[in-house]
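What follows is each chain in one-letter form.
Number of protein chains: 2
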Amino acid sequence: MKVKHFTEVANEDANIDGAQGANIRWVLGPADEMPNFYLRVVEVKPGGNTPHHQHPYEHEVFVLAGQGELLDPDGKPFELKPGVVAYVAPDDLHQFRNTGDEVLRFICLIPKT
Amino acid sequence: MKVKHFTEVANEDANIDGAQGANIRWVLGPADEMPNFYLRVVEVKPGGNTPHHQHPYEHEVFVLAGQGELLDPDGKPFELKPGVVAYVAPDDLHQFRNTGDEVLRFICLIPKT
Numbered sequence: 001m002k003v004k005h006f007t008e009v010a011n012e013d014a015n016i017d018g019a020q021g022a023n024i025r026w027v028l029g030p031a032d033e034m035p036n037f038y039l040r041v042v043e044v045k046p047g048g049n050t051p052h053h054q055h056p057y058e059h060e061v062f063v064l065a066g067q068g069e070l071l072d073p074d075g076k077p078f079e080l081k082p083g084v085v086a087y088v089a090p091d092d093l094h095q096f097r098n099t100g101d102e103v104l105r106f107i108c109l110i111p112k113t
Numbered sequence: 001m002k003v004k005h006f007t008e009v010a011n012e013d014a015n016i017d018g019a020q021g022a023n024i025r026w027v028l029g030p031a032d033e034m035p036n037f038y039l040r041v042v043e044v045k046p047g048g049n050t051p052h053h054q055h056p057y058e059h060e061v062f063v064l065a066g067q068g069e070l071l072d073p074d075g076k077p078f079e080l081k082p083g084v085v086a087y088v089a090p091d092d093l094h095q096f097r098n099t100g101d102e103v104l105r106f107i108c109l110i111p112k113t
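The listed protein sequences correspond, in order, to chains F and D.
Under the working numbering, the first sequence has 51 at position 51, and the numbering climbs by one with no breaks.
Under the working numbering, the second sequence has 14 at position 14, and the numbering climbs by one with no breaks.
A portion of the hints provided could be inaccurate.
One copy or two, either will do: identical chains are not told apart, so a pair holds if it fits within one copy or between any two.
Stated by the list, open to error - Computed cross-link-like contacts, DMTMM-like style, restricted to lysine to aspartate or glutamate with a CA-CA straight-line distance of at most 25 Å:
hint, residue 1, residue 2
1, Lys112, Glu79
2, Lys2, Glu79
3, Lys112, Asp74
4, Lys76, Asp32
None of these hints come from the bench; they were simulated from the model.
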């Protein structure tokens, strides 16, 4: 059993092409030897965004704080606010954008493989 | 892509032996055909608890609201409050208890298989 507060984990620069003002905490990640999936907490500063990209694995997302939008593969925006849950399917083009004045914070889960 | 607010999902009675005042929302569950893991939101009423049990799969947990404790296999309590993340390993005996005056709400993820 492991118990920690998410803020105890380093808030790293999300070092991905196309990301602006985005940070990530690997709260339950490879270092924790999770058996099946990883729990990360992502923060996007006002005006910032994650890359407009796609990859062969899914995201499951839960918005904790802030305001933003999630672009679907057709560029259609879905509103993000606390309590919104999103599923991004494998290979779906997507982007998270902060459209508010405060940090947009969300949990973002990915499979281990 | 699927986007919804967690409160749009039915808050079902957690119909498990030993649970008291516990409800669960399968926000991204079998009906959503998730490929690898399921995202549920659990609520425990003041004075309530989940079963003191174990199972052959892990939990990854993120506390959203309220105050409580998580008992580890030796009965040692870990404090739960917003932002606390917990990993319960497969076969670990565990229980979530609400020790506060408001609803204890947490995300609880499990693998699909």
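Quick rundown of the hints versus the structure:
no.: 1; hint: Lys112 x Glu79; result: neither (28 Å within a copy, 28 Å between copies)
no.: 2; hint: Lys2 x Glu79; result: between (33 Å within a copy, 12 Å between copies)
no.: 3; hint: Lys112 x Asp74; result: neither (27 Å within a copy, 29 Å between copies)
no.: 4; hint: Lys76 x Asp32; result: between (36 Å within a copy, 21 Å between copies)
Of the numbered hints given earlier, the model fails hints 1 and 3; all others are met.
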